[in-house]
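Trainee: Produce the complete structure using the sequences and hints provided.
Residues per chain, in single letters:
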Amino acid sequence: MTFSPTSLFGRLDDVQSDAGYAEDHPPRMGFFTDTSICIGCKACEVACKEWNMVPDDGFMLTGMSYDNSQSLNASTWRHVAFIEKPVDVPVPAGSGPSPAASGTDLGMPSVGVPQLPLIGDQEAPSGDGGIRWLMSSDVCKHCTHAGCLDNCPTGALFRTEFGTVVVQPDICNGCGYCVPSCPYGVIDVRHDDGRAWKCTMCYDRLKVGETPMCAKACPTESIQFGELTELRERADRRVEELHAQGVEVARLYGRDPEDGVGGDGAFFLLLDEPEVYGLPPDPIVTTRDLGSIWKHVGMAAGGMVALGVASFFGRRK
Amino acid sequence: MAEAHPVGFQWVVEAKKRGATVIHVDPRFTRTSALADIHVPIRAGSDIAFLGALVNYVLQNDAFFREYVVAYTNAANIIDDNFRDTEDLAGLFSGFDPEKGHYDPVTWRYEAPEDRSPDEQQRLEELEENETGGSEHKESHVAAQSESHGSGGAAVPWKGRRDETLQDPRCVLQILKRHFARYTPEMVHEVCGIAPDDFTKVAEALVRNSGRERTAAFCYAVGWTQHSTGAQMIRTASILQLLLGNIGRPGGGILALRGHASIQGSTDIPTLFNILPGYLPMPHANQHQSLEEWVRDDEDKAGFWGNVRSYAVSLLKAYWGEAATPENDFCFDYLPRVSGDHSSYSTIKAQIEGRSKGYFIVGENPAVGSSNGKMQRLGLANLDWLVVRDLQMIESATFWKYGPEIETGELVTEEIGTEVFFLPAASHVEKAGSFTQTQRMLQWRDKAVDPPGDARSELDFYFELGVRIREKLKGSTDEMDRPLLDLAWDYPVDEHGDVDGQAVLREINGTGSDGKALSAYTELKPDGSTSCGCWIYCGVYADEVNQARRRKPHWEQDQVAAEWGWVWPANRRILYNRASAAPDGTPWSERKRYVWWDAEKGTWTGADVPDFVPDRAPDYVPPEGAKGPAAIGGQDPFIMQTDGKGWLFAPVGLADGPMPTHYEPPESPLANALYGEQNNPTRRALTTPSNPINPSYSEAFPYVFTTYRLTEHHTAGGMSRTLPYLTELQPEPFCEVSPRLARERGLTHGDWVTIVTARTAIEARVLVTERVRSLRLGDRFVEQIGLPYHWGGNGLTTGDSPNDLVNVTMEPNVYIQDKVGTCDIQPGRRPRGPALISYVESYRRRAGITEEET
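Chains as they are written, first to last, in my numbering: chain U, 1 to 317; chain G, 1 to 854.
Since the hints were made in silico from the structure, they are not lab data. From a predicted model like this one, the values you see are computed outputs, not experimental measurements. Worth double-checking, as some hints may not be accurate.
Stated by the list, open to error - Restraint ranges, calculated between C-beta atoms of paired labels, are given here:
| id | chain 1 | residue 1 | chain 2 | residue 2 | range |
| --- | --- | --- | --- | --- | --- |
| 1 | U | 284 | G | 749 | 31 to 41 Å |
| 2 | G | 814 | U | 216 | 33 to 43 Å |
| 3 | G | 516 | U | 216 | 57 to 67 Å |
To be verified - Calculated pairs, DSSO-like style, for lysine-lysine (alpha carbon to alpha carbon, straight line, at most 27 Å):
| id | chain 1 | residue 1 | chain 2 | residue 2 |
| --- | --- | --- | --- | --- |
| 4 | G | 17 | G | 552 |
| 5 | G | 201 | U | 85 |
| 6 | G | 17 | G | 159 |
| 7 | G | 16 | G | 592 |
| 8 | U | 216 | G | 17 |
| 9 | G | 357 | G | 474 |
| 10 | G | 201 | G | 447 |
| 11 | G | 516 | G | 447 |
| 12 | U | 85 | G | 357 |
| 13 | G | 159 | G | 627 |
| 14 | G | 627 | G | 601 |
| 15 | G | 447 | U | 216 |
| 16 | U | 85 | G | 159 |
| 17 | U | 216 | G | 16 |
| 18 | G | 401 | G | 357 |
| 19 | G | 357 | G | 516 |
| 20 | G | 525 | G | 357 |
| 21 | G | 447 | G | 552 |
| 22 | G | 592 | G | 552 |
| 23 | G | 16 | G | 159 |
| 24 | G | 525 | U | 216 |
Glycine is no exception: its CB is placed at the ideal position from the N, C-alpha and C atoms.
Mentor: Here is the structure:
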């Protein structure tokens, strides 16, 4: 393994070489999830569980719109989020107070149902205001700089030749260090099993040149699988296309190789702020400061040694 | 569509990416609405008012595609002088008999020609003697023979006089204009709860996207069909699309989104009481005493339907093979007959009353999936025997042990005498066979695995059943046993040892006198030399190749992609595609070029199989007295109609009127704002004690409820609520209400609520969401409660069945139930045991529903 300043943080273009693979490793593979065409069908959730034999996650109505999976964890590797947002309409002067339920107002323009002059209060005539329903299939980000991978003491977590991050259940000892290391809260320990589990990007399928199950099952091709560099180009074009159609809110999340995790192996097109989807706005790999920490520890230790040594000098004999 | 057809919806997403405008009209905001450009919330059941207003908009603004309308529809036809519209009769058409509750359509006909041919003279005399307008007509409607003319539609006795300037006050276009004049945007606001701005937006988008250069398409499902005016809702859309020139054109048309993977197939090769394969009508016991009488009405009528004798005889040959000969009318006498209403709900009533003793339930779960669950279960409890074939132990099989009536004590297990046989069924990957889906496409599936244990396919089951019954009857001299003993009942076995499904498909396709597979239904003969199990499927096994098994990917084909699967009829993907060309045979535009006339070759050509006589020139005028396909003129794209035109006005064929009319659902909180007549006058009520109806605009039941589906579950839940991966996606039964209704009734998001109608009360969790809009109609709000209907008592997730709330009132043409009703909703769980009965009775008393009225 070639350890360099960018091994823990910053732009890293060849994540497999950094992990120790030979030059002829396969291209880095990833997901681009275009949530603007997600129809919330959850085929991705089911296909993933079927293929990977992930157990069901409990039968509980959450009341979180149509989202009963709640979040990614040890037994949910694809999670479709549903966010209902009333459309913020401009309130004409003198027409009264703003509506009670206006959702998160981050000052962003809204998209979707055309805006009518009346406010979004239920007492007003039908068809006023309207609602947006955002749907998005979340997944492990397979970060360039993966906190879980960095902190795993047993080597159960490793970087594959495809640039993905996989945990080996036969090595994992359930210590749980990986759990708080993930800035997205993805990996988790399965309670009745003891081990940590997460999305493998269907490593077994990649090895035989096949597509991960979620991408294969997605009927609208919201989940797209392929070489990460090509996906990034495709995503850039798609955002441009949406902007040209007047969908100004469209933006990419996790695409930037200079972000806090060095860019995601699984990145997204979102139609609102990340927080609206339950995603951290500025994820930073927990081991970013590791080099600096050890440097400072070294300096502190060196300082203490120096102090100790110095205290022996200048002593009266 | 995104909810119930997620895979098909990818094409809507694709179209939207290419600039299409997607408009979603639905009482609730669904996953389809999330991706639509415009969502229009509508009061459930008021669609004719909305669509009729769009028709009115198009007519008032002169925005119809004039050339198309004049040439291809009956807009120019003159109607009989005695016709009276709903404008004249306060919501009724002429010819209504209030005692019998049905119409005599004789005044709806095209004006009788003054210059009559001998044929026309005879038909006029028949009409005037009331032979076809009288008792036979009544029998027709009782026995749901509105579908009796199959894909062709009912016949008109003459083509009649036309005014192509469309000015004559008695021409169809002017009648249409007068009929829909009151369907204004203001009326839409008052009846549907749709704001005039939203309405105009939709109307403008439709008009902008129709004409030579652009087309618009409608997709619908049970939000239109499951109403007492369902057939007419679809009719209104047809009228609109004909006026806009969108039928038979690429990117146009009306797509019926069907509710199950192969339900199209189950009406093509039917499981319906009133039709035979290929939509041939079931013969009627009184009207059809011979083959001759059976085919006479439609034989030689203009168009391909005129060859009905060939289709009928070939079907009889497929059933009875060698035994069917010209001498014995091809075993026509062996066919069962209808004598009246044998529809599903009427049969349940007969079961309750002890007149129907046995029942096969195959791949269906009526205890959860049919309307008025109590009726279903009371019927089941009164049978001698019941056979259930399914993948799972469904509620319809365990009704005797568990169920709402067992809980209340209305049914007692020890007193139920029904003998129940449960036979495990093979799933679709455990058997080979075809599905016919919503596009009329047949797709063959190979067998992937063996079914577990004793599970068998339907094919194996029914074949074996036939073998055993015939064995028992062997040697019988009783005439009554001949229909079974003379059946052609031999199929080879395939490489898995199963009855060979491909052999059955081949039999359906049909064979000629040389025993070889036929290629087209035009090869069918009336003399018994051809055999064909379903004439519209003829061609699926052409050249001895299973055409339904073809899987050439779409990226290797053009947009029509004719080499994926096989579409009936004749692999023709868009019906009536002659209309994609102008009267002179040239495409309406380069952009919408689809099928056109190649003058050099003297044939129709194009991307798809032309839906026309291949070598019939655009300027062809059929000679006087021409019959069958010879009577199709060069400008008659609607080749299954006797006059070759699309019907804006239906002179015959529909039980409830030649034009659609808005009536309120049988249970409604509102009075009909359009007419004095509150409900569809020809609707069929089902009078039985377990089917009381809520009075309209009753204070006891002030809210509207409607049932619908979720992506995560499948119909009555047997295939989804029993699986953990689907159950965890939607793990508990719920209803959806608006925040305003929640405030009004004190409902808390996520808590239990009770919903009550005159039939029963159920409980569910409540999702309070802005996706359900409070509709303002005039000076009041109408609140709608949405109920996913998937739940029942068996499985990993269980709950009360919303269909238990629904009253059965049937649409008069096809006998389908209305899924909309009125109800009350209260916080908290429902009473249990006998207390439930008294709870419901207290509501009935408040609503004024007495025992005598039920």
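Trainee: Now tell me if each hint is right for this structure.
Mentor: Now the hints, each set against the structure:
1. U/284 x G/749: 31 to 41 Å: For residue 749 of chain G against residue 284 of chain U, whose Cβ atoms are near 35 Å apart, the range 31 to 41 Å holds.
2. G/814 x U/216: 33 to 43 Å: Given a distance of about 39 Å, which is inside 33 to 43 Å, the answer is holds.
3. G/516 x U/216: 57 to 67 Å: 41 Å Cβ-Cβ, so the 57 to 67 Å window is violated.
4. G/17 x G/552: 24 Å, holds
5. G/201 x U/85: 23 Å, holds
6. G/17 x G/159: 45 Å, violated
7. G/16 x G/592: 18 Å, holds
8. U/216 x G/17: Holds, at about 20 Å.
9. G/357 x G/474: 25 Å, holds
10. G/201 x G/447: The hint is violated at about 49 Å.
11. G/516 x G/447: 26 Å, holds
12. U/85 x G/357: Roughly 54 Å separates the two Cα atoms, so the pair is violated.
13. G/159 x G/627: 13 Å, holds
14. G/627 x G/601: 26 Å, holds
15. G/447 x U/216: It holds: about 22 Å lies between the C-alpha atoms, which stays within 27 Å.
16. U/85 x G/159: Status violated; Cα separation ~56 Å.
17. U/216 x G/16: It holds: about 21 Å lies between the C-alpha atoms, which stays within 27 Å.
18. G/401 x G/357: 20 Å, holds
19. G/357 x G/516: Violated, at about 43 Å.
20. G/525 x G/357: 40 Å, violated
21. G/447 x G/552: Within the cut-off at roughly 20 Å; holds.
22. G/592 x G/552: Holds, because 25 Å separates the two Cα atoms, which is no more than 27 Å.
23. G/16 x G/159: 42 Å, violated
24. G/525 x U/216: With a Cα-Cα distance of about 47 Å, the restraint between residue 525 of chain G and residue 216 of chain U is violated, given a limit of 27 Å.
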